[in-house]
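Participant: With the hints as extra help, turn the sequences into a complete structure.
For the protein sequence lines, the chains are A and B, in the order given. All residue numbers for the first sequence refer to the working numbering, where the first residue is 1 and numbers rise by one. All residue numbers for the second sequence refer to the working numbering, where the first residue is 1001 and numbers rise by one.
Note that these hints are calculated values from the structure, not bench results. Glycine is no exception: its CB is placed at the ideal position from the N, C-alpha and C atoms. Be aware that a few hints might be false.
[Said to hold, decoys possible] For lysine-lysine, the following DSSO-like pairs were computed, each having C-alpha atoms within a straight-line distance of at most 27 angstroms:
| id | chain 1 | residue 1 | chain 2 | residue 2 |
| --- | --- | --- | --- | --- |
| 1 | A | Lys65 | A | Lys2 |
| 2 | A | Lys65 | A | Lys26 |
| 3 | A | Lys2 | B | Lys1093 |
| 4 | B | Lys1093 | A | Lys65 |
| 5 | A | Lys35 | A | Lys2 |
| 6 | B | Lys1093 | A | Lys35 |
| 7 | A | Lys36 | A | Lys2 |
| 8 | A | Lys2 | A | Lys26 |
| 9 | A | Lys35 | A | Lys65 |
| 10 | A | Lys36 | A | Lys26 |
| 11 | A | Lys65 | A | Lys36 |
| 12 | B | Lys1093 | A | Lys26 |
| 13 | B | Lys1093 | A | Lys36 |
[Unchecked claim] Stretch by stretch, here's where chain A covers chain B in the computed footprint (C-beta under 8 angstroms, at least three residues):
| id | region |
| --- | --- |
| 14 | 1081 to 1090 |
| 15 | 1130 to 1136 |
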Amino acid sequence: MKHLLATEGMSAATATAVLDTAAGLKQTLLGREVKKLPTLRGRTVITMFYESSTRTRVSFEIAGKWMSADVVNVSASGSSVGKGESLRDTAQTLAAAGADCVIIRHPASGAAHRLAGWLADAGTSVVNAGDGTHEHPTQALLDAATLRERLGELAGRRIAIVGDVLHSRVARSNVHLLATLGVDVVLVAPPTLLPTYADRWPVTVSHTLDAELPSLDAVMLLRVQAERMHGGFFPSAREYSISYGMSEARLGVLPEHAVVLHPGPMLRGMEIAAAVADSPRAAITQQVTNGVHVRMAVLYHLLAHEEEIS
Amino acid sequence: MAPHNSGAAEPAERRELLSAGDVARTIARMAHQVIERTALGTADATAVVLLGIPTRGAPLAARLAARIADFSGIDVPTGVLDVTLYRDDLRRKPTRPLGETALPPGGVDDRVVILVDDVLYSGRTIRAALDALRDAGRARAVQLAVLVDRGHRELPIRADYVGKNVPTSRTEEVHVLLTETDDRDAVVLDRREASS
Chain A
1 MKHLLATEGM SAATATAVLD TAAGLKQTLL GREVKKLPTL RGRTVITMFY ESSTRTRVSF
61 EIAGKWMSAD VVNVSASGSS VGKGESLRDT AQTLAAAGAD CVIIRHPASG AAHRLAGWLA
121 DAGTSVVNAG DGTHEHPTQA LLDAATLRER LGELAGRRIA IVGDVLHSRV ARSNVHLLAT
181 LGVDVVLVAP PTLLPTYADR WPVTVSHTLD AELPSLDAVM LLRVQAERMH GGFFPSAREY
241 SISYGMSEAR LGVLPEHAVV LHPGPMLRGM EIAAAVADSP RAAITQQVTN GVHVRMAVLY
301 HLLAHEEEIS
Chain B
1001 MAPHNSGAAE PAERRELLSA GDVARTIARM AHQVIERTAL GTADATAVVL LGIPTRGAPL
1061 AARLAARIAD FSGIDVPTGV LDVTLYRDDL RRKPTRPLGE TALPPGGVDD RVVILVDDVL
1121 YSGRTIRAAL DALRDAGRAR AVQLAVLVDR GHRELPIRAD YVGKNVPTSR TEEVHVLLTE
1181 TDDRDAVVLD RREASS
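Facilitator: Structural data, given as structure tokens:
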């Protein structure tokens, strides 16, 4: 693996290898006082975040540090980006400064892909940490890792992705990864929050959450992304919550083994009731924990092997 | 460490060094040596832990523990220590999958840890294991048990318990076969045609 830009097009073998590595890393570090592995000593990882983030940036930084890589964080504010430097020039500066891997979050869809093209000569690996409304592959991988822990084998499972699919890069990454892993994916959202091209995805679509609940093995809730919404996508927050929010009553309708996921940050009372978020059926903190191990695994697969001769 | 892809390609010549019976007798002898050297069952005894290095060190450690229990009546805790993340040749090979790591309850602190592997060769696997062990805790002492020592050390490492010393050339390969991972118990020496 040279870059991690998207889960669309990722083979089942690659995805499974990364998930197996993540599980192995978690097991290796379990109960250990010193959570540090020497594997990526001497490698330099730079995170470039052009959008606000808590868990993803922190998760990548911890992952890099636990693998003994040197991690440098660059945020758009406080760097030369504020002086008008282009993304391309900033990236090439970071590569020239010795980055082995650049992890980028950017509001523009396709930013990570462009970056990978610009940095091809430098040999720098690029990880997409979220690009606009396109993809967020490590989130999908950590969701899959969490689902594997809770459900075991994923092939043949039925999993709903509920809410603002239109603006969600998490949804896109999960659709492709879960479908590749053999999951029966159903998108549940009001028609206004579904992309028009969802019919080309390997999914089924539903507008009624209550009809789907009894047959699900897991529910992935999405945050309603008000910052990307300009216009009326639904009448009111209250109406959205009544139709698509994960309430305690709906939790009762889910099968006993089914698990509730949310990528965070969550809006309690909007897409998820507080009692559901705090219940043992929800795997939200487990997702965050797995995020570190999955990102360690991604860095391992990107950086800890012989140079590929192209 | 011997490559673990035994039988991947047909060797030009294969010679059996130890039969299934020899493997069993060798492990039994090593168990006696462990009991003697660690004074197991006596007042001087310290807690002993066997840690197998994947792939074949793990079943070997379990077998050694079973023989020790047969001879001394003492159940020695066993575990598995994967060293992949500590190897010094990661950048020379394609991405390696990780092996299993499972430390026994109580960990390794203040115990005598006996690392168990199938073949001792360059010593680099053991070097990695020592680093991995250091991160797992502070053992009171570390010892090494191997079924076969084939020579050609590249580091100042030696084994405390050796099943069989086998003088080899670098063009030869030593494979330990165990029923847990292979079709039978044996140790074989493969000689490859000099490839260009």
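Participant: It remains to establish, for every hint, whether it holds in the given structure.
Facilitator: Now the hints, each set against the structure:
Between Lys65 of chain A and Lys2 of chain A the CA atoms are separated by roughly 20 angstroms; this keeps the pair inside 27 angstroms, and the hint holds. Among the hinted pairs, Lys65 of chain A with Lys26 of chain A is consistent with the structure: their alpha-carbon atoms are about 15 angstroms apart, no more than 27 angstroms. Between Lys2 of chain A and Lys1093 of chain B the CA atoms are separated by roughly 15 angstroms; this keeps the pair inside 27 angstroms, and the hint holds. The suggested pairing of Lys1093 of chain B with Lys65 of chain A holds, with an alpha-carbon distance near 23 angstroms, which does not exceed 27 angstroms.
For the suggested pair Lys35 of chain A and Lys2 of chain A, the alpha carbons sit about 26 angstroms apart, so the restraint of at most 27 angstroms is met. Simply put, Lys1093 of chain B and Lys35 of chain A have alpha-carbon atoms about 25 angstroms apart, close enough for the 27 angstroms limit, and the pair holds. Restraint check for Lys36 of chain A and Lys2 of chain A: the C-alpha separation of about 24 angstroms stays at or below 27 angstroms, so the hint holds. For the hint pairing Lys2 of chain A with Lys26 of chain A, the CA-to-CA distance comes to about 23 angstroms; that is within 27 angstroms, so the pair holds.
Simply put, Lys35 of chain A and Lys65 of chain A have alpha-carbon atoms about 9 angstroms apart, close enough for the 27 angstroms limit, and the pair holds. Proposed proximity of Lys36 of chain A and Lys26 of chain A is supported: the alpha carbons are some 12 angstroms apart, at most 27 angstroms. Of the supplied pair hints, the one linking Lys65 of chain A and Lys36 of chain A holds, its CA atoms being roughly 7 angstroms apart against a limit of 27 angstroms. In summary, the hint linking Lys1093 of chain B to Lys26 of chain A is supported, as the alpha carbons are separated by about 23 angstroms, within the 27 angstroms threshold.
Of the pairs offered as hints, the one joining Lys1093 of chain B and Lys36 of chain A holds, with about 22 angstroms between alpha carbons and a cut-off of 27 angstroms not exceeded. Coverage of the region 1081 to 1090 of chain B by chain A holds. Counting CB-CB distances below 8 angstroms, 4 residues qualify, and the rule asks for three or more. Remark: the region 1130 to 1136 of chain B is confirmed as covered by chain A, as 3 of its residues place a Cβ nearer than 8 angstroms to a Cβ of that chain, reaching the required three.
Checked against the numbered hints given earlier, the structure satisfies every one of them.
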